[in-house]
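Colleague: So the chains spell out like this:
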Amino acid sequence: MLPPGVATKDFNAALAAFRQAVGNDWVFTSDEDVALYRDAYSPNWGEPDERLAAAAVAPASTEEVQAVMRAAHRYRIPIYPVSTGKNLGYGGSAPNLRGSVVLDLKRMNRVLQVDDRRHFAIVEPGVSYFDLYQYIQDHQLKVWIDVPGPGWGSPIGNSLDHGLGDTWGIYRNHFSSHCGMEVVLADGTLIRTGMGALPGADTWAEYPYGFGPTLDGLFAQGNFGVVTKMGFWLMPEPESYLSGSIHVPRRAQVADLIDLVGLLENQGIGGEPQYSSALHEEQQRPEFQALTANGRFPSDVELDAFAASCGKPYWTVKLQFYGPSEVVAAQWQAARRLARSRIPDATFADGDAFRLPLSKEDRQKVDLVAFGIPSLAQFALTARSPWNPAGSDGHLFFTPIIPKTGEAILKYQHVMWDELGKLGLPRQVGPFTPPNTWFYRAHACILVFLISRSDVEGNRKLRGAFKHLIQVAAAHGWGEYRTPPMFQDAVRAAYSFNDHALLRVTESLKDAIDPNGILAAGRYGIWPRSMRGKK
Amino acid sequence: MMHPSFARLSLKAAFVLTNLMLAPRFGLAADTAPLDGKALFARHCAACHAAGPGHPGTSSLAIKYKDTDQPALLEARKDLNPAIVRVFVRYGVGAMPFFRKTEISDAEVEAIGRYLQKQH
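If you're matching them up, the sequences are chains A and B in order.
Everything in the first sequence is counted per the numbering used here, starting at 64 for the first residue and increasing by one.
Everything in the second sequence is counted per the numbering used here, starting at 127 for the first residue and increasing by one.
Check each hint, because a few of them may be wrong.
To be verified - Output of the computed footprint for chain B on chain A, the stretches with three or more beta carbons under 8 angstroms from beta carbons of chain B:
(1) 150-160
(2) 251-257
(3) 427-440
(4) 550-564
Think of the hints as simulated: they come from the structure by calculation, not from any bench.
Every residue gets a Cβ at the ideal spot worked out from N, C-alpha and C, and that includes glycine.
Please work from the sequences and hints to get the whole structure.
Modeller: What follows is the structure, encoded as structure tokens:
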């Protein structure tokens with residue numbers, strides 16, 4: 064396969080230049096090798112429009128990245144950078160533009176610095192969360208990382224795709240907790256952002272802004288440069304962990320719970336709150352089946368009566384506290400006092416109390432990601448399991464951002480219940496669906512779809528449903544925070560304020576910074592001038 | 127009934143195994159120390175395939191082999207060898223994606239395969 068619009072002669076010249084830059088072993092052109100860059104979880108696997116690479120090139124240093132980009136710029140070769148290439152469910156290592164050359168940064172795998180006095184790390188893009196965790200353990204450093212579900216992901220790649228985690232406050236929002244970048248632009252120019260622009264500064268991973276406008280945002284969910292180094296703020300290893308749960312008996316009280324948690328969280332009290340409903344596991348009861356016959360969404364009165372008949376609270380929020388032992392105990396005490404004053408019929412249950420680091424035995428009992436320990440346990444979602452005994456070939460996430468209010472989650476339940484029913488899909492959102500709380504200043508609410516590579520018709524139907532849900536969500540002001548390449552134009556189109564003015568100014572920047580339009584064309588809906596309007 | 131992904135994998139496996147048997151065997155470069163298959167297994171495979179809760183590869187295989195004598199743990203298997211391991215690493219299966227050569231080199235896959243072969 065040739066990159067679109069590139070002559071064979073130019074492609075061969077570019078490949079020769081890539082080999083010169085990185086060595087023969089690290090330019091991949093055989094069908095067998097290039098197939099390893101397919102999206103393993105693709106919802107259009109094997110179909111004519113599957114997004115495939117033409118080749119791949121794997122530099123081992125910033126200098127090699129610059130040499131590759133200079134050659135690509137000269138021969139106008141479309142380049143698609145990936146870090147560890149494990150963004151499964153969001154496109155994996157396959158490019159937005161079919162026929163691109165994947166710039167595989169996995170070999171850039173050095174942990175450059177971890178400072179446990181100032182609590183930051185600086186890494187290269189091929190470093191995984193597993194690698195960084197291991198480095199910290201090997202060097203007995205007293206810091207935590209905040210990890211996403213898949214530990215094989217890259218701190219750089221994950222944060223640049225606005226990824227998230229499960230510990231405390233700002234650390235769970237991985238882009239928010241980054242500090243400083245080194246970036247290779249499309250023509251090979253090397254820049255550093257923040258304090259990195261000041262030669263000799265030792266504050267690159269401490270102060271994010273440097274002087275003047277901050278460009279860092281351009282390099283996240285975009286196509287303006289190849290990030291080759293990045294700093295991250297880290298949490299000091301806490302002395303202890305404490306959890307406790309607050310239960311409320313009625314459906315509408317989710318609003319009181321969310322307001323309470325906001326009051327706590329926005330003062331820095333507590334890590335990731337986890338909402339749930341114990342009624343979720345009661346949905347097979349005949350009385351619930353009767354309440355929901357013919358796709359009807361029961362009334363609040365009916366649902367409250369159902370909760371009472373089950374003898375279970377309607378909502379629970381599990382609060383998690385990290386810090387010195389006196390502090391976490393006081394925080395849980397304060398949370399209960401505030402809850403009692405606002406929600407008189409709330410009840411409470413103590414949870415886990417651990418001295419940190421976790422013992423080997425305690426590690427078996429917990430969700431590791433809440434303790435900054437990378438894992439792949441999340442993939443139980445897709446692999447064979449008691450609830451999915453045949454297993455699946457991949458997954459796809461639909462994750463709109465919704466307001467951090469009870470009213471919003473209850474409205475979201477109604478809307479998605481109706482739409483999933485109309486689409487003929489299982490109603491995975493219902494009266495007991497809680498909000499997701501990865502972003503400490505907003506809620507999300509995820510829908511998970513499983514992929515079967517061999518079910519072409521099912522995948523086609525799913526893609527159509529996904530695009531419909533993007534529009535339905537947008538009509539309510541709910542926007543996806545992240546999506547695979549095949550849906551990025553659709554989500555981009557929904558962010559349309561003032562006749563798409565934000566996209567237009569972004570395109571102007573794209574034309575100025577990458578005039579040949581070679582970097583990640585189409586990423587997050589940003590197309591180079593030559594392809595604009597044709598996609 | 128065989129899950130479609132396994133039917134497809136079987137076809138690919140037959141093709142790849144045939145090619146492996148026909149292809150010349152490349153050893154490790156003379157200046158490269160022998161790779162530690164056990165350490166490589168721990169680094170690349172154990173997050174899914176170790177024992178205990180939270181390892182989806184193991185829990186998935188426990189369901190697959192629940193009515194057989196085949197163990198769910200790869201390190202307890204008696205039938206693995208480098209050629210079979212290479213098929214799974216390079217083609218994936220079900221939720222397990224394939225791995226690029228920048229992630230696990232051919233020599234590393236071979237070492238993991240030899241380590242698993244030595245377990246029997």
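Colleague: With a cut-off of 8 angstroms between beta carbons, are at least three residues of the stretch 150-160 of chain A near chain B?
Modeller: holds (count 3)
Colleague: Taking 8 angstroms as the Cβ threshold, is the statement that the stretch 251-257 of chain A is covered by chain B upheld or broken by the three-residue rule?
Modeller: Our answer is that it is violated, as 0 residues pass the Cβ test (under 8 angstroms) against chain B, missing three.
Colleague: Per the coverage rule (Cβ-Cβ under 8 angstroms, at least three residues), is the stretch 550-564 of chain A covered by chain B?
Modeller: violated (count 0)
Colleague: Between the stretch 427-440 of chain A and chain B, see if three or more residues pass the 8 angstroms beta-carbon test, and mark the coverage as holds or violated.
Modeller: It holds, with 6 qualifying residues against the three required.
Of the numbered hints stated above, those contradicted by the structure are hints 2, 4, listed in ascending order.
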